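2 protein chains.
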Amino acid sequence: MAMLELFQSSRSKYSVLKSVLGFYLIVVLAIITEVPTVVEGARIRHYKWEVKYEYKSPDCFKKLVITNNGRSPGPTILAQQGDTIIVELKNSLITENVAIHWHGIRQIGSPWFDGTEGVTQCPIQPGETFKYQFVVDRPGTYLYHAHYGMQRDAGLYGSIRVALPDGQLEPFAYDYDRSIILNDWYHKSTHELSTGLSSKNFTWVGEPQSLLIQGKGKFNCSSLSSPSPSDPNVCNPSNPECSPYLLTVIPGKTYRLRVSSLTSLSALSFQIEGHNMTVVEADGHYVEPFVVKNLFIYSGETYSVLIKTDQNPTRNYWIQTSIVSRPSNTTPGVAILNYYPNHPKRTPPTALPQGPKWDDVDPRVAQSLSIKARKGLGRAPPQTSDRVIVMLNTQNEVDGFRRWSINNVSLNHPKTPYLISLKHNLTDQFDQNPPPDGYDFAKYDIYVKQNNSNATTSSGIYRLKFNTTVDIILQNANTMNPNNSETHPWHLHGHDFWVLGYGLGKFDIYKDPKKYNLVDPIEKNTVPVHPYGWTALRFVADNPGAWAFHCHIESHFYMGMGVVFEEGIERVGRLPSSILGCGASKGLRVP
Amino acid sequence: MAMLELFQSSRSKYSVLKSVLGFYLIVVLAIITEVPTVVEGARIRHYKWEVKYEYKSPDCFKKLVITNNGRSPGPTILAQQGDTIIVELKNSLITENVAIHWHGIRQIGSPWFDGTEGVTQCPIQPGETFKYQFVVDRPGTYLYHAHYGMQRDAGLYGSIRVALPDGQLEPFAYDYDRSIILNDWYHKSTHELSTGLSSKNFTWVGEPQSLLIQGKGKFNCSSLSSPSPSDPNVCNPSNPECSPYLLTVIPGKTYRLRVSSLTSLSALSFQIEGHNMTVVEADGHYVEPFVVKNLFIYSGETYSVLIKTDQNPTRNYWIQTSIVSRPSNTTPGVAILNYYPNHPKRTPPTALPQGPKWDDVDPRVAQSLSIKARKGLGRAPPQTSDRVIVMLNTQNEVDGFRRWSINNVSLNHPKTPYLISLKHNLTDQFDQNPPPDGYDFAKYDIYVKQNNSNATTSSGIYRLKFNTTVDIILQNANTMNPNNSETHPWHLHGHDFWVLGYGLGKFDIYKDPKKYNLVDPIEKNTVPVHPYGWTALRFVADNPGAWAFHCHIESHFYMGMGVVFEEGIERVGRLPSSILGCGASKGLRVP
Numbered sequence: 001m002a003m004l005e006l007f008q009s010s011r012s013k014y015s016v017l018k019s020v021l022g023f024y025l026i027v028v029l030a031i032i033t034e035v036p037t038v039v040e041g042a043r044i045r046h047y048k049w050e051v052k053y054e055y056k057s058p059d060c061f062k063k064l065v066i067t068n069n070g071r072s073p074g075p076t077i078l079a080q081q082g083d084t085i086i087v088e089l090k091n092s093l094i095t096e097n098v099a100i101h102w103h104g105i106r107q108i109g110s111p112w113f114d115g116t117e118g119v120t121q122c123p124i125q126p127g128e129t130f131k132y133q134f135v136v137d138r139p140g141t142y143l144y145h146a147h148y149g150m151q152r153d154a155g156l157y158g159s160i161r162v163a164l165p166d167g168q169l170e171p172f173a174y175d176y177d178r179s180i181i182l183n184d185w186y187h188k189s190t191h192e193l194s195t196g197l198s199s200k201n202f203t204w205v206g207e208p209q210s211l212l213i214q215g216k217g218k219f220n221c222s223s224l225s226s227p228s229p230s231d232p233n234v235c236n237p238s239n240p241e242c243s244p245y246l247l248t249v250i251p252g253k254t255y256r257l258r259v260s261s262l263t264s265l266s267a268l269s270f271q272i273e274g275h276n277m278t279v280v281e282a283d284g285h286y287v288e289p290f291v292v293k294n295l296f297i298y299s300g301e302t303y304s305v306l307i308k309t310d311q312n313p314t315r316n317y318w319i320q321t322s323i324v325s326r327p328s329n330t331t332p333g334v335a336i337l338n339y340y341p342n343h344p345k346r347t348p349p350t351a352l353p354q355g356p357k358w359d360d361v362d363p364r365v366a367q368s369l370s371i372k373a374r375k376g377l378g379r380a381p382p383q384t385s386d387r388v389i390v391m392l393n394t395q396n397e398v399d400g401f402r403r404w405s406i407n408n409v410s411l412n413h414p415k416t417p418y419l420i421s422l423k424h425n426l427t428d429q430f431d432q433n434p435p436p437d438g439y440d441f442a443k444y445d446i447y448v449k450q451n452n453s454n455a456t457t458s459s460g461i462y463r464l465k466f467n468t469t470v471d472i473i474l475q476n477a478n479t480m481n482p483n484n485s486e487t488h489p490w491h492l493h494g495h496d497f498w499v500l501g502y503g504l505g506k507f508d509i510y511k512d513p514k515k516y517n518l519v520d521p522i523e524k525n526t527v528p529v530h531p532y533g534w535t536a537l538r539f540v541a542d543n544p545g546a547w548a549f550h551c552h553i554e555s556h557f558y559m560g561m562g563v564v565f566e567e568g569i570e571r572v573g574r575l576p577s578s579i580l581g582c583g584a585s586k587g588l589r590v591p
Numbered sequence: 001m002a003m004l005e006l007f008q009s010s011r012s013k014y015s016v017l018k019s020v021l022g023f024y025l026i027v028v029l030a031i032i033t034e035v036p037t038v039v040e041g042a043r044i045r046h047y048k049w050e051v052k053y054e055y056k057s058p059d060c061f062k063k064l065v066i067t068n069n070g071r072s073p074g075p076t077i078l079a080q081q082g083d084t085i086i087v088e089l090k091n092s093l094i095t096e097n098v099a100i101h102w103h104g105i106r107q108i109g110s111p112w113f114d115g116t117e118g119v120t121q122c123p124i125q126p127g128e129t130f131k132y133q134f135v136v137d138r139p140g141t142y143l144y145h146a147h148y149g150m151q152r153d154a155g156l157y158g159s160i161r162v163a164l165p166d167g168q169l170e171p172f173a174y175d176y177d178r179s180i181i182l183n184d185w186y187h188k189s190t191h192e193l194s195t196g197l198s199s200k201n202f203t204w205v206g207e208p209q210s211l212l213i214q215g216k217g218k219f220n221c222s223s224l225s226s227p228s229p230s231d232p233n234v235c236n237p238s239n240p241e242c243s244p245y246l247l248t249v250i251p252g253k254t255y256r257l258r259v260s261s262l263t264s265l266s267a268l269s270f271q272i273e274g275h276n277m278t279v280v281e282a283d284g285h286y287v288e289p290f291v292v293k294n295l296f297i298y299s300g301e302t303y304s305v306l307i308k309t310d311q312n313p314t315r316n317y318w319i320q321t322s323i324v325s326r327p328s329n330t331t332p333g334v335a336i337l338n339y340y341p342n343h344p345k346r347t348p349p350t351a352l353p354q355g356p357k358w359d360d361v362d363p364r365v366a367q368s369l370s371i372k373a374r375k376g377l378g379r380a381p382p383q384t385s386d387r388v389i390v391m392l393n394t395q396n397e398v399d400g401f402r403r404w405s406i407n408n409v410s411l412n413h414p415k416t417p418y419l420i421s422l423k424h425n426l427t428d429q430f431d432q433n434p435p436p437d438g439y440d441f442a443k444y445d446i447y448v449k450q451n452n453s454n455a456t457t458s459s460g461i462y463r464l465k466f467n468t469t470v471d472i473i474l475q476n477a478n479t480m481n482p483n484n485s486e487t488h489p490w491h492l493h494g495h496d497f498w499v500l501g502y503g504l505g506k507f508d509i510y511k512d513p514k515k516y517n518l519v520d521p522i523e524k525n526t527v528p529v530h531p532y533g534w535t536a537l538r539f540v541a542d543n544p545g546a547w548a549f550h551c552h553i554e555s556h557f558y559m560g561m562g563v564v565f566e567e568g569i570e571r572v573g574r575l576p577s578s579i580l581g582c583g584a585s586k587g588l589r590v591p
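Going down the list, the protein sequences come from chains A and B.
Each step along the first sequence adds one to the number in the UniProt record's numbering, with nothing skipped, and position 564 is 564.
Each step along the second sequence adds one to the number in the UniProt record's numbering, with nothing skipped, and position 550 is 550.
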C-alpha cells in the first residue's frame with residue numbers, strides 16, 4: 001500500500017486500489033486471449049480469424065474499420081522458430097474480397113501463401129474461408145496486413161513474434177518482451193481514398209488525421225468543422241476505445257520493445273521520455289547495438305529496442321511518435337510508459353516531448369548508416385553480383401492519371417495473379433516485355449522536376465535467373481512538385497536483402513559500388529530511400545516464386561510504385577487450388 | 001422569337017436564346033449517347049459498360065457513387081421485342097465484386113444471366129469483364145440494377161425499354177415516349193448502411209436524405225449540422241449535377257411516361273401538377289386504362305402513364321414525388337415539366353403541390369385494386385392451383401440479430417449460388433430442409449407484436465414441381481414495434497405472376513380464395529403487400545432455374561426477407577463457366 005499513497009488525490013485508497021487491480025487484471029486477460037485458439041501439437045499454431053467491417057473509434061472518431069476477430073490491430077501470432085502457422089481466414093466483408101500478407105516471412109516452399117493479391121493469389125471472396133499455411137523459419141519481429149487495394153488503411157493488420165527454440169538464447173538479455181505497432185489513420189474510407197487517387201480529377205489522400213500507437217490515438221474532436229464537434233456519436237473524446245495505449249513496466253528491469261510501423265504514408269520518429277533505446281534487431285536480424293533517443297521508423301520496418309526502467313519510479317512517462325519527412329499538422333501520437341504500481345491513468349508531470357524537426361534529413365540518414373549486422377552473427381553477402389538493376393523513382397502523369405513509376409514504368413496489376421500465369425505459362429495474361437534495368441543516367445537530372453513524357457503503365461516483370469545475385473539501386477529524384485523529393489520505404493517479399501549503402505545525389509555506377517559495405521551489412525526486408533538519395537541492396541534470387549518489391553506507402557504502391565520479380569518458377573510445386581478463381585485461373589484445373 | 005419574349009427579364013434576348021438552344025442541344029446529345037455502343041446486326045444490341053466508384057453529387061451532397069459508364073442512372077437499354085441484349089460489364093471497383101439483375105426480364109433459357117449474386121451466379125470480381133446475354137421477349141418497361149449486398153443503393157441502376165416489333169402498335173396512342181426512374185438516396189455508404197444492419201448493435205438505415213427523379217435531387221445543404229454547411233466541397237446547392245430533372249414537352253401532344261421506382265426503402269406518390277395520368281402499362285403488361293392524379297409506386301414497379309400536354313403552355317409545371325406509408329421528414333423530390341419553348345429553368349408560378357397523407361392506406365389499396373389486365377389483351381390465369389404457400393412476413397430477433405423472416409425463416413445466402421449447387425447436385429452447399437408452406441394460422445395474431453421465438457435463419461429453398469401452378473399468399477403482420485405494419489413490395493425473378501387479390505387482415509384460406517379475380521387479373525413481377533393486409537399471387541413454375549422472390553426494400557432483403565424457388569433444374573442446360581468461381585464452384589469444371 002505504501003506506493004499507492006504516492007498518487008492519492010480525492011479518490012479513496014480503496015477505489016484507487018480497485019481500479020489499479022482491475023486494470024492489471026485486464027492486462028493479464030488481454031495477454032491470455034492472445035494465445036492461439038487451437039494448438040495442435042507443439043509446432044503447429046492454428047488460428048481462426050474472421051474479418052469484417054465494424055464501427056470503431058480508434059482515435060475517438062467513429063468510422064468503419066476492418067476488424068480481425070473484432071479487433072484492430074488483430075490478434076498477435078506468437079510462435080517459435082520452425083513452427084507452422086495455419087490461419088483459417090473467414091472473409092465476412094459483405095461485397096469485398098480480401099488477402100493478407102505475412103510481412104517478413106519468406107514463404108520458402110509456400111510462395112502461394114504470401115498473400116499478395118494479384119501477385120501470388122486471387123483474392124478471398126466474401127463468405128469464403130481461406131487457409132494460409134507457412135513456416136516461420138527465423139526468429140524475430142514480423143507483421144501481417146491486408147495486401148489488396150488500400151485495405152491495410154482500414155485497420156487490417158497485426159504482429160507476428162517468432163521466438164527462438166527452447167533453450168536457445170538471444171545475444172542480448174531482457175526481462176520482458178512487448179510489441180507495439182505504429183500507424184497513421186485516416187477518417188475517409190479506403191474506397192474514398194483510393195477513388196481520389198485513381199481519378200483523372202486526382203485527389204491526394206493528404207496528411208493523416210491522427211497517429212495510432214498499438215491501435216489507439218487521439219484525434220482532437222473539437223478541431224472538427226465537419227462533422228459538428230458537438231456530436232459525440234461521431235467523435236467522442238471520452239470513448240474508452242481511444243484512451244492512450246499503456247505500456248506497464250516494473251522498475252529496474254530491461255524490456256525488449258518490438259516497435260513496428262505500418263503507416264499508410266508517414267515516416268515516424270518514436271521516443272520514450274527519459275529512456276534511451278538500444279537498437280538490437282531490425283526486420284528479424286540482429287543489429288550491432290547502438291543507442292538512440294529517437295528511433296526513426298518507416299512503414300514496413302520492425303525494430304527491437306531494449307529499454308531499462310531505471311528512471312524515477314514514482315511517475316509515468318510519455319511515449320511519443322511524430323511525423324518526419326513531410327510537413328504535417330498531424331498531432332503526435334501519445335502512449336504512456338506506466339511504472340508499476342503507479343496508476344496507469346496518472347499523467348506524466350512533464351510536458352509531452354517534441355519530435356525532431358520534420359525536414360532534418362541528416363539524423364535519419366545517420367540512423368540508416370548505423371544499422372549493421374551484429375558482430376559474428378551476420379550472414380556475409382556474396383562479394384559480387386550477377387545483375388544490377390537501377391530503379392529511378394519518379395512521380396508521373398500517364399494518360400492523365402497521376403502515377404508513381406520505376407524507370408518510367410508504372411505497375412498495373414493484371415487480372416490473373418503472376419504466380420499462376422507464370423506457373424501455367426499463361427503468357428497472354430501480362431506484358432511479356434520486362435521493364436528496363438535502368439534509366440538515362442547521363443542525361444537525367446534528379447534535382448529538377450522532369451516531364452517524363454515517355455512514362456507508361458505496364459504489367460511487365462523482372463525475370464531473374466535462379467540462384468543469381470542481384471543488386472538493386474533505388475534512385476530517388478524530384479517529384480512533380482519543384483524542390484521536392486520524398487522518402488520511400490521499399491519492401492521486398494520472399495527475401496531479405498543486404499543493405500550495401502546509402503548515398504546522396506545520383507548513384508554513380510562506377511564509383512559508388514566501391515564504397516559498399518560488404519563486411520557487416522544488415523539484412524532487412526524494408527529499407528528507406530532518402531530524399532534525393534540512393535540506397536543499394538543485394539539479394540540472392542533463391543526463392544522460387546513471384547515476389548512483389550514495392551514502396552510500402554499504401555497510396556504510392558496503389559499508384560503503381562512497385563515491381564515484381566520472378567525466379568525459379570520451374571521449381572514451384574503444384575499450386576493449391578484455393579489461390580485460383582480469378583482472371584484466367586477461373587475454372588483452371590491444377591494438373 | 002415571339003414566345004421567347006414571354007420570359008424576358010434582365011437578361012438579353014440573345015443570351016436567353018443561347019441558353020435555351022444550348023439546353024435543347026444537350027437534350028439531343030443526351031438522347032444520341034443513349035444508343036448502344038455497338039450494334040451487330042438488327043437484333044443484337046451490344047453494350048460495353050464499366051462500373052466504378054466516382055464522386056458525384058446527385059442531390060448536391062458529394063459522395064461515392066457506383067457509376068455505369070460515368071453515369072447514375074446508367075445508360076438506358078433500348079431494344080425491340082425479340083432482340084438479344086449483350087452487356088459486357090467490366091468491374092472497375094477496386095476491391096468489390098458486383099452483379100447486375102435485369103429486373104422484369106424472365107431469362108427464359110438463360111437462368112444463369114439473371115444477375116442475382118448467390119442465387120444465379122458468383123459475383124464478378126474486380127478487373128473482370130462478365131458477358132450477360134439474354135433475350136427481351138416481351139415489350140414493356142423494365143429495369144436493371146446491382147443485386148449484391150446493398151450495392152443498388154450506391155447508384156448502380158438504369159432503365160430497359162423494349163418496343164414492339166416494327167409495324168406493331170401499342171393499344172394506346174402517344175406522340176413521345178420518355179422514361180424516368182424514382183429513387184431515394186442515402187448519404188452514408190452502402191458499407192456503413194449494411195454494417196449497421198448486420199451488427200448485433202443494430203443500426204437502422206433511417207429515412208433517406210433525399211428523393212431522386214432520374215438521378216437528380218435536392219438535399220437542403222443548410223440543414224446539415226455535420227458536415228458544416230459552409231463547405232461547398234461537401235454540399236453545394238449550385239452544383240449543376242443537382243439541378244432538377246427537366247421533362248421538356250411540346251404543347252398539345254400525348255406523352256407516354258414510363259415511371260419506375262428503385263427506392264431502397266420508400267413507397268412513393270408521384271404527380272405532375274395540373275396533369276392527370278392515365279395508367280396503361282404495369283411491369284410490362286397492358287392495364288385497362290384508369291386515371292389518377294397521384295400514382296402510388298413501390299420499389300421494383302414500373303408503370304406507363306399517358307399525359308396530355310393540354311394545359312396553359314406559357315408556363316412550366318411541378319413534378320413531385322413524396323414518401324407514403326412511413327412517417328418521413330424527407331423533402332419531396334422535384335422535377336420540372338417544361339413546356340417548350342419556355343425557359344427550362346423558369347420556376348412554375350404555383351406552390352409545389354403536396355403529396356397525399358403518408359398514413360392514408362385506402363387510396364393505395366384502391367389503386368392496387370384498380371390495376372386489371374387490358375380487356376382482350378390479358379392472358380387468363382389457370383383457374384386452379386397445385387400448391388398454396390402462405391408467407392407470413394415478420395420482423396424477428398434471431399441469435400441477437402434483427403432479421404426479417406418468412407414463416408419465421410430468415411434467408412441466409414449460401415457460399416455457392418443455388419443454381420450451381422442444384423445443377424451439380426452439391427447437396428452440402430445449402431440446407432436441404434425447405435422452409436414451411438405456412439404458419440400457425442389458427443393461433444397467430446397478426447395485429448400484435450409477437451415474440452416469434454422459434455425464428456431461425458436458413459438457406460433452405462422451395463422446390464416446385466415443374467409446370468405446376470403455385471399460389472403465394474403474402475401475409476403481412478405487426479413488426480417488432482407496437483401498432484406497426486409496413487408495406488413490402490415483393491418481386492419475383494424469372495416469372496410474372498397474376499395478382500389474384502388483396503385483402504385486409506388475416507387471409508382466410510377457405511373464404512378468401514373465393515373472391516379471387518380469375519377473370520382479368522393483371523400480370524406483374526412486383527406487387528405490394530399493404531399494412532396488416534394480404535396479397536394473393538399465382539404463377540406457373542415453367543421456367544427452369546433458381547429464382548429469388550423477395551421484398552424489394554434493399555435493407556429488408558439484406559436482412560433475410562426473401563425466398564428462393566427451384567423448378568425444372570433437370571431441364572437447365574450447361575452452365576456457362578463465367579458464373580462459377582466462388583464457394584464450391586471454385587475449380588468446378590462444367591461437364
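Do not take every clue at face value.
All copies of an identical chain are treated as equivalent in the list; a pair is satisfied when it fits inside any one copy or across any two copies.
Cross-link-like lysine-lysine pairs, in silico, DSS-like; alpha carbons within 30 Å at most [to be verified]:
hint, residue 1, residue 2
1, K449, K253
2, K188, K200
3, K375, K131
4, K200, K131
5, K415, K514
6, K415, K372
7, K90, K308
8, K62, K514
9, K415, K345
10, K90, K200
11, K515, K62
12, K48, K200
13, K415, K465
Don't read these hints as lab results, they were simulated from the structure.
Computed from a predicted structure; not experimentally measured.
Evaluated hints:
Taking identical chains as interchangeable, the C-alpha atoms of K449 and K253 are never at most 30 Å apart, the minima being 52 Å within one chain and 62 Å between chains. When the C-alpha separation of K188 and K200 is checked against a cutoff of 30 Å, the pair qualifies both within a copy, at 19 Å, and between copies, at 24 Å. When the C-alpha separation of K375 and K131 is checked against a cutoff of 30 Å, the pair qualifies neither within a copy, at 39 Å, nor between copies, at 61 Å. With identical chains, the CA atoms of K200 and K131 are at most 30 Å apart between copies only, with a shortest distance of 27 Å across copies and 38 Å within one.
Taking CA atoms no more than 30 Å apart as the test, K415 paired with K514 passes in neither setting, with 42 Å inside one copy and 59 Å between copies. In the homo-oligomer, the alpha carbons of K415 and K372 never lie at most 30 Å apart, since the shortest distance is 40 Å inside one protomer and 50 Å across protomers. Taking the closest pair of Cα atoms, K90 and K308 never come within 30 Å of each other, the shortest separation being 41 Å inside a single copy and 58 Å across copies. For a Cα distance limit of 30 Å, the shortest separation of K62 from K514 qualifies neither inside one copy, at 53 Å, nor across copies, at 56 Å.
With identical chains, the CA atoms of K415 and K345 are never at most 30 Å apart, being 51 Å at best within one copy and 47 Å at best between copies. Proximity of K90 and K200 under a CA criterion of 30 Å is satisfied inter-copy only: 18 Å between copies versus 35 Å inside one chain copy. Taking the shortest Cα distances, K515 and K62 never come within 30 Å of each other, neither inside one copy (51 Å) nor across copies (54 Å). Only between protomers do K48 and K200 lie at most 30 Å apart by alpha-carbon distance; the minimum there is 21 Å, versus 41 Å within a single protomer.
In this homomeric assembly, K415 and K465 come within 30 Å of each other (Cα to Cα) only inside a single copy, at 25 Å, whereas the closest approach across copies is 42 Å.
Checked against the numbered hints given earlier, this structure breaks hints 1, 3, 5, 6, 7, 8, 9 and 11; the rest are met.
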